[in-house]
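Peer 1: One-letter residues, chain by chain:
There are 4 protein chains.
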Amino acid sequence: MSGSIFGKNFAISTWGESHGPALGVVIDGCPAGIPLSEEDIQKDLDRRKPGRTAYTTPRTEDDKVEILSGVFEGKTTGTPISMIIFNRNQRSRDYSDIKDTYRPGHADYAYDQKYGFRDYRGGGRSSGRETAARVAAGAIAKKILCYLGIQVLAYTFSIGDIQIQPSNFDVDEIYKNPLAMPDKEAALKAQRYLDELKEKGDSAGGVIECVVNGMPPGVGEPVFEKLDAALAKAIFSIGAVKGLEFGSGFEAAKMTGSMNNDPLRVDNQGRVFKQSNNAGGITGGISDGSPIVFRAAVKPTSSISIPQQSIDRTQGKNVEIVVKGRHDPIIVPRAVIVVEAMTAITLVDYLFQRILSQMDLIQKALQ
Amino acid sequence: MSGSIFGKNFAISTWGESHGPALGVVIDGCPAGIPLSEEDIQKDLDRRKPGRTAYTTPRTEDDKVEILSGVFEGKTTGTPISMIIFNRNQRSRDYSDIKDTYRPGHADYAYDQKYGFRDYRGGGRSSGRETAARVAAGAIAKKILCYLGIQVLAYTFSIGDIQIQPSNFDVDEIYKNPLAMPDKEAALKAQRYLDELKEKGDSAGGVIECVVNGMPPGVGEPVFEKLDAALAKAIFSIGAVKGLEFGSGFEAAKMTGSMNNDPLRVDNQGRVFKQSNNAGGITGGISDGSPIVFRAAVKPTSSISIPQQSIDRTQGKNVEIVVKGRHDPIIVPRAVIVVEAMTAITLVDYLFQRILSQMDLIQKALQ
Amino acid sequence: MSGSIFGKNFAISTWGESHGPALGVVIDGCPAGIPLSEEDIQKDLDRRKPGRTAYTTPRTEDDKVEILSGVFEGKTTGTPISMIIFNRNQRSRDYSDIKDTYRPGHADYAYDQKYGFRDYRGGGRSSGRETAARVAAGAIAKKILCYLGIQVLAYTFSIGDIQIQPSNFDVDEIYKNPLAMPDKEAALKAQRYLDELKEKGDSAGGVIECVVNGMPPGVGEPVFEKLDAALAKAIFSIGAVKGLEFGSGFEAAKMTGSMNNDPLRVDNQGRVFKQSNNAGGITGGISDGSPIVFRAAVKPTSSISIPQQSIDRTQGKNVEIVVKGRHDPIIVPRAVIVVEAMTAITLVDYLFQRILSQMDLIQKALQ
Amino acid sequence: MSGSIFGKNFAISTWGESHGPALGVVIDGCPAGIPLSEEDIQKDLDRRKPGRTAYTTPRTEDDKVEILSGVFEGKTTGTPISMIIFNRNQRSRDYSDIKDTYRPGHADYAYDQKYGFRDYRGGGRSSGRETAARVAAGAIAKKILCYLGIQVLAYTFSIGDIQIQPSNFDVDEIYKNPLAMPDKEAALKAQRYLDELKEKGDSAGGVIECVVNGMPPGVGEPVFEKLDAALAKAIFSIGAVKGLEFGSGFEAAKMTGSMNNDPLRVDNQGRVFKQSNNAGGITGGISDGSPIVFRAAVKPTSSISIPQQSIDRTQGKNVEIVVKGRHDPIIVPRAVIVVEAMTAITLVDYLFQRILSQMDLIQKALQ
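From first to last, the protein sequence lines stand for chains A, B, C and D. Our numbering applies: residue 18 is where the first sequence begins, and numbers increase by one. Our numbering applies: residue 18 is where the second sequence begins, and numbers increase by one. Our numbering applies: residue 18 is where the third sequence begins, and numbers increase by one. Our numbering applies: residue 18 is where the fourth sequence begins, and numbers increase by one.
One thing to keep in mind: the hints can contain errors.
When chains are identical, the list treats them as one kind, so a pair holds in a single copy or across two.
[What the hints assert, rightly or not] Calculated pairs, BS3-like style, for lysine-lysine (alpha carbon to alpha carbon, straight line, at most 25 Å):
#1 116 - 92
#2 291 - 217
#3 381 - 25
#4 160 - 381
#5 206 - 271
#6 193 - 215
#7 217 - 206
#8 201 - 215
#9 341 - 201
#10 334 - 25
#11 271 - 217
#12 271 - 193
#13 215 - 341
#14 215 - 271
#15 116 - 291
#16 381 - 193
#17 201 - 271
#18 291 - 334
No wet-lab data here; the hints were simulated from the structure.
Assemble the whole structure, with the sequences as input and the hints as a guide.
Peer 2: Here's what the structure looks like:
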């Protein structure tokens with residue numbers, strides 16, 4: 018496989034290039050009997066689509082999804098769900114300026130080395146546009162999680178140096194401000210920072226935090242299929258992610274065992290809980306009943322208008338390159354829904370797997 | 018699968034509990050024709066084995082590996098290589114003190130929730146002892162990398178607050194000092210810090226850095242099988258890892274695009290290189306020819322001698338627990354070779370996969 | 018996964034229902050650099066499409082394929098190839114007569130039991146129409162085999178009791194007569210037999226033979242991934258196949274070892290060959306350099322116009338059912354190209370895998 | 018992977034050569050909570066072990082199994098179960114007579130072509146001895162099926178031309194006579210036939226039939242993961258199998274639709290049943306509630322004492338070869354338990370998968 022299939026029980030297969038006629042996803046393993054319509058998916062796609070705010074590329078795409086299979090009389094049939102999004106705004110411009118050079122920070126050079134040639138029109142398969150297909154699949158995964166009482170919530174945790182403050186945390190702000198930051202004040206500060214960078218033709222990075230509530234204990238497999246390992250693969254598969262930490266994360270490396278271990282307790286009703294959550298909801302690779310918490314570091318957008326140093330592939334010589342076209346000065350806010358999607362897809366896969374851990378659960382299901 | 022199989026082309030299947038009769042690994046997918054002996058593997062196992070230094074558990078295990086299949090007349094045959102390590106020092110002690118309670122920071126509670134019961138003798142399958150099997154497999158992976166001119170080097174980057182200094186970097190120190198730190202001075206400082214913690218019955222965490230030299234460009238698959246995503250799964254599958262970053266990592270989130278993008282250049286001989294390596298050797302999920310660089314945050318050892326709060330599983334009430342037995346005050350130095358092993362196994366898998374990217378390479382191999 | 022993904026290195030993911038808007042396939046793992054156009058695929062699809070002869074359903078479908086991704090400037094890019102075929106002739110008729118009953122010989126009852134409900138409009142996902150997607154993928158696999166000097170040839174071996182005669186064998190007849198039988202005389206006899214059955218509203222079965230020429234030795238993996246085991250899965254995944262045999266097949270069970278063993282010989286030029294091919298080109302699961310030969314038994318079309326006994330699902334009572342609509346009196350001739358497609362897809366997968374058997378081949382490819 | 022891993026949910030990984038120190042299997046995916054002891058496994062292994070009757074090789078092996086992991090306090094823990102069988106009777110003889118030639122009918126030549134060299138001491142990995150590991154895993158699969166009310170029964174259906182008669186069918190005979198034939202009379206006839214062949218140094222083939230009772234409907238996946246396709250891969254992965262048919266099988270190819278379709282009926286208690294079972298219990302790849310029935314053709318043992326034609330690998334010339342050593346004149350009776358094992362392993366895998374088809378079943382299990 019060339020790497021476009023993800024998941025084992027709930028498997029998604031994505032396809033499509035940024036400048037091709039369409040992109041899409043096939044989901045193999047969605048159980049039968051779930052009510053599903055295109056609206057369920059469209060609302061998540063709309064959170065990712067370009068051109069919505071001052072901080073996203075002005076390329077306008079409707080990103081209208083069509084379901085081509087796997088749904089009958091409004092319910093999933095258990096067979097593959099194929100979804101397609103046509104690329105309506107593929108400006109056919111002249112690419113001669115970037116055809117033979119590589120954009121720094123992009124996958125251009127690596128793709129060329131791998132395949133011997135590349136689709137030079139805007140990244141081809143390495144374009145962030147590919148993530149639209151993931152968001153479509155993620156919307157279905159989130160519907161399944163809903164049945165099981167689980168919510169995935171991601172948001173912008175920081176942009177550059179500007180970080181949200183716990184005291185200002187306001188969930189509604191995620192959907193209100195253009196930066197998906199659950200802190201109005203921090204969002205305003207970050208906007209000013211981005212306005213400055215935009216003017217210079219530069220870009221910014223940031224951190225996305227994701228919290229999963231309602232997660233039952235016992236999900237994840239020992240050794241290689243640990244839940245955090247699976248989520249790590251899912252999150253690092255998002256183009257610009259360069260770091261990831263669960264719970265206390267890199268801070269844990271500086272703590273002592275007595276500080277970092279989370280004490281277990283029972284409450285008055287006999288319910289077990291952890292007094293702290295340094296583990297981020299996963300111990301030994303298996304969910305422990307606390308919320309899952311992780312943070313992903315996203316690098317600044319690679320496409321900037323400032324002249325950069327690169328090479329010419331045909332002549333093998335050093336050149337200066339200016340990347341033209343429409344770019345996001347920051348991709349963090351648009352990546353938030355992609356993080357939610359990949360998290361949801363992974364969780365569904367492992368929740369399904371969890372049934373197979375105990376003979377008791379298997380018998381319960383089959384009898 | 019319950020999660021004990023890793024890899025697609027070079028697939029390893031590990032088994033065994035800390036207090037069972039033996040543990041081992043079966044490698045399915047090692048190519049034929051590689052000279053292999055038990056000594057090749059033993060030398061890596063010796064780097065992981067307990068009881069070597071003042072900073073590892075005094076449990077003494079020889080960790081002698083035996084090859085049971087897949088090698089004929091000193092060469093790999095292309096069929097499964099089965100390796101076994103008998104547990105010789107499984108002190109049969111009284112476990113009644115921990116049978117019904119959960120050690121904070123350990124997987125005890127999560128396993129119990131997942132399976133309905135658990136092997137309470139020292140962690141069972143969640144024990145760090147399981148990683149011996151990975152190291153054995155990793156030794157073979159490193160032999161294969163050797164053929165292809167690739168070296169994997171991991172070492173202790175920091176312990177608590179004490180970090181190695183680039184100016185003091187000395188590779189030989191990795192094998193000389195008990196903390197696998199390539200900086201003699203930092204190692205001494207860290208030893209003093211650990212001596213203090215040991216006295217209190219507490220433990221420390223740290224960061225492991227890994228560098229891969231000689232990595233050709235073009236390895237890794239687009240979208241879900243990105244090389245960094247695969248390495249992330251491999252590294253987060255190591256028990257105590259709570260964070261991971263490639264290249265500039267979490268710092269990238271604070272940088273601007275113009276700072277973080279790595280300029281591409283050609284040298285006098287026409288060889289392409291990157292002027293910086295903020296990407297950590299991977300762009301768009303595909304190796305770019307620069308060294309691969311990542312850092313993993315390891316939490317402090319969960320087993321400490323200080324009394325901790327937990328619960329009794331049968332009575333459902335709060336209790337205080339003191340974890341007896343033999344623990345490492347820090348697991349970072351022993352985890353260094355595990356990081357090397359998991360990295361090597363992943364790289365072999367993706368190098369093999371890389372051949373299948375181009376029809377040209379396929380024809381070259383088959384004709 | 019719900020079973021719509023096939024293959025490991027050359028992986029195809031199919032989707033679509035007989036009465037949905039479209040069907041298609043995504044190929045993940047096609048190497049970069051292969052010239053590919055829609056015409057390459059259309060010619061195989063045309064061999065499967067309905068309405069071509071008197072012995073196929075009169076449902077007329079153009080089965081026009083569109084490539085949506087994975088090809089750039091006329092060559093495969095190494096990324097997923099998505100192909101779509103729109104269902105243009107989905108007669109919207111009244112299904113009330115079959116909505117609550119099950120067609121004997123069809124998957125209707127089994128699907129209902131599996132999923133709790135089903136798409137009752139002509140089979141949904143279990144319809145033979147699904148195989149159009151396989152044929153599209155198979156056309157690409159056959160292009161790859163072409164590069165490696167391998168030809169896959171399938172044809173109708175028998176219909177009912179009428180079998181082709183070796184002395185009459187004529188390859189051109191496969192493409193000339195409506196039954197894909199490489200024996201003009203047998204084809205005429207079979208047509209008379211089918212004409213009779215059609216008149217009665219009944220249907221016939223038959224046997225398809227497949228021969229692979231140019232197959233190099235050494236392809237296939239020991240134990241579970243034997244080449245014949247893989248081909249068996251591929252061929253039995255075609256709806257109506259009820260039997261399969263390689264080489265001397267069921268006859269081998271009646272032979273003695275001395276009759277069935279194929280003697281090995283070298284010719285004047287030192288080339289190794291087998292004096293007979295009872296093994297059908299595969300020994301111990303690995304190709305032995307002789308042509309691969311197998312035969313698949315295809316049951317008679319389940320849809321017949323004769324009244325049959327069945328049940329009503331809502332009332333739980335016995336009923337009589339007459340299956341209306343457009344059926345093939347025999348599916349064997351249209352299944353011939355499906356057998357070729359599944360064989361080609363499997364062979365490509367295992368040829369790619371073969372490279373990874375020897376360190377020598379790996380080094381040849383990577384250096 | 019080199020092909021020694023089988024299954025997705027209930028995955029087995031086998032290893033070991035006929036003349037190595039040991040062979041074994043690791044099961045990844047056995048649910049927790051199943052009582053398991055070595056005796057459970059030994060009784061199936063004893064049915065396969067050599068030296069029991071006049072019609073098996075006189076090589077004597079105890080085939081004593083040891084469980085090395087995955088069981089705690091008499092119950093499976095949900096983690097990998099490793100089982101080992103030491104080869105106690107590996108006569109170290111002189112192999113110079115077969116070192117450089119290939120035994121006709123064996124995998125010798127194909128292995129040599131694949132790997133560049135081979136373990137010439139008795140077949141290495143291609144030896145039938147490898148199936149002992151499958152039988153050990155199968156014994157556990159059969160225990161799981163037992164929980165779900167499913168029985169797998171295989172037996173010798175025919176040897177050479179001698180076939181069991183339905184009127185003489187006696188289950189007990191399977192365990193009583195040395196040929197595992199459920200027909201005393203046919204068994205005696207077959208013994209006479211084998212005695213004759215043995216005298217000549219020749220061997221015989223035969224057919225194994227397998228019936229699965231208690232199979233619930235709805236198991237198997239559409240398209241590529243059809244239950245019959247999966248069983249076909251499982252059965253063709255057994256060394257000497259050359260043909261396979263389900264239900265009416267090759268006969269179906271000669272029948273008409275009206276003869277072959279199985280009418281559906283309800284009985285007095287409202288239970289659905291099929292009036293015939295030409296489908297062999299599987300329609301559209303999914304179990305239909307009738308018994309699963311299939312027959313596998315097994316070729317005659319390749320090792321015979323009669324001189325045969327072959328080649329010398331080093332000199333590239335034609336030679337005559339006499340295969341020395343201990344052979345079974347027929348392998349069918351010993352393969353019966355291997356067919357049961359592979360069937361059971363496959364069914365467990367797909368029964369587990371079946372839970373994931375419906376959201377209702379998933380919720381039932383998880384809540």
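Peer 1: Cα distance capped at 25 Å. Does residue 201 pair with residue 271 within a copy, between copies, both, or neither?
Peer 2: between (32 Å within a copy, 20 Å between copies)
Peer 1: When Cα atoms must be at most 25 Å apart, do residue 291 and residue 217 count as within-copy, between-copy, both, or neither?
Peer 2: Between copies only: 24 Å across chains, 48 Å inside a chain, cut-off 25 Å.
Peer 1: Could you figure out if residue 206 and residue 271 sit no more than 25 Å apart (CA to CA) within one copy, between two copies, both or neither?
Peer 2: Classified as between: cross-chain Cα gap 14 Å, same-chain 30 Å, threshold 25 Å.
Peer 1: Pop the pair residue 193 and residue 215 into one bin, within, between, both or neither, using alpha-carbon distances up to 25 Å.
Peer 2: Answer is within: at 21 Å inside a copy they meet the 25 Å cutoff, but 51 Å across does not.
Peer 1: Go through the copies and call it for residue 116 and residue 92: within, between, both or neither, with a Cα cutoff of 25 Å.
Peer 2: Between copies only: 16 Å across, 46 Å inside.
Peer 1: How would you classify residue 341 and residue 201 at a CA-CA limit of 25 Å: within, between, both, or neither?
Peer 2: Neither, since 32 Å and 49 Å both go past 25 Å.
Peer 1: What label fits residue 381 with residue 25 when the C-alpha limit is 25 Å: within, between, both, or neither?
Peer 2: This pair counts as both: shortest intra-copy Cα distance 22 Å, inter-copy 21 Å.
Peer 1: Evaluate residue 381 and residue 193 at a C-alpha cut-off of 25 Å and name the case that applies: within, between, both or neither.
Peer 2: neither (44 Å within a copy, 38 Å between copies)
Peer 1: At most 25 Å between C-alpha atoms: does residue 334 with residue 25 qualify within a copy, between copies, both, or neither?
Peer 2: Intra 45 Å, inter 39 Å, cutoff 25 Å: neither.
Peer 1: With identical chains, the pair residue 160 and residue 381 could be close in the same copy or across copies; at 25 Å between alpha carbons, which is it: within, between, both, or neither?
Peer 2: Answer is both: 23 Å inside a copy and 17 Å across each meet the 25 Å cutoff.
Peer 1: Evaluate residue 291 and residue 334 at a C-alpha cut-off of 25 Å and name the case that applies: within, between, both or neither.
Peer 2: between (59 Å within a copy, 13 Å between copies)
Peer 1: Given identical chains, is residue 215 near residue 341, meaning Cα to Cα at most 25 Å, within a copy, between copies, both, or neither?
Peer 2: Intra 14 Å, inter 59 Å, cutoff 25 Å: intra-copy only.
Of the hints listed earlier, those the structure fails to meet are numbers 9, 10, 16, in rising order.
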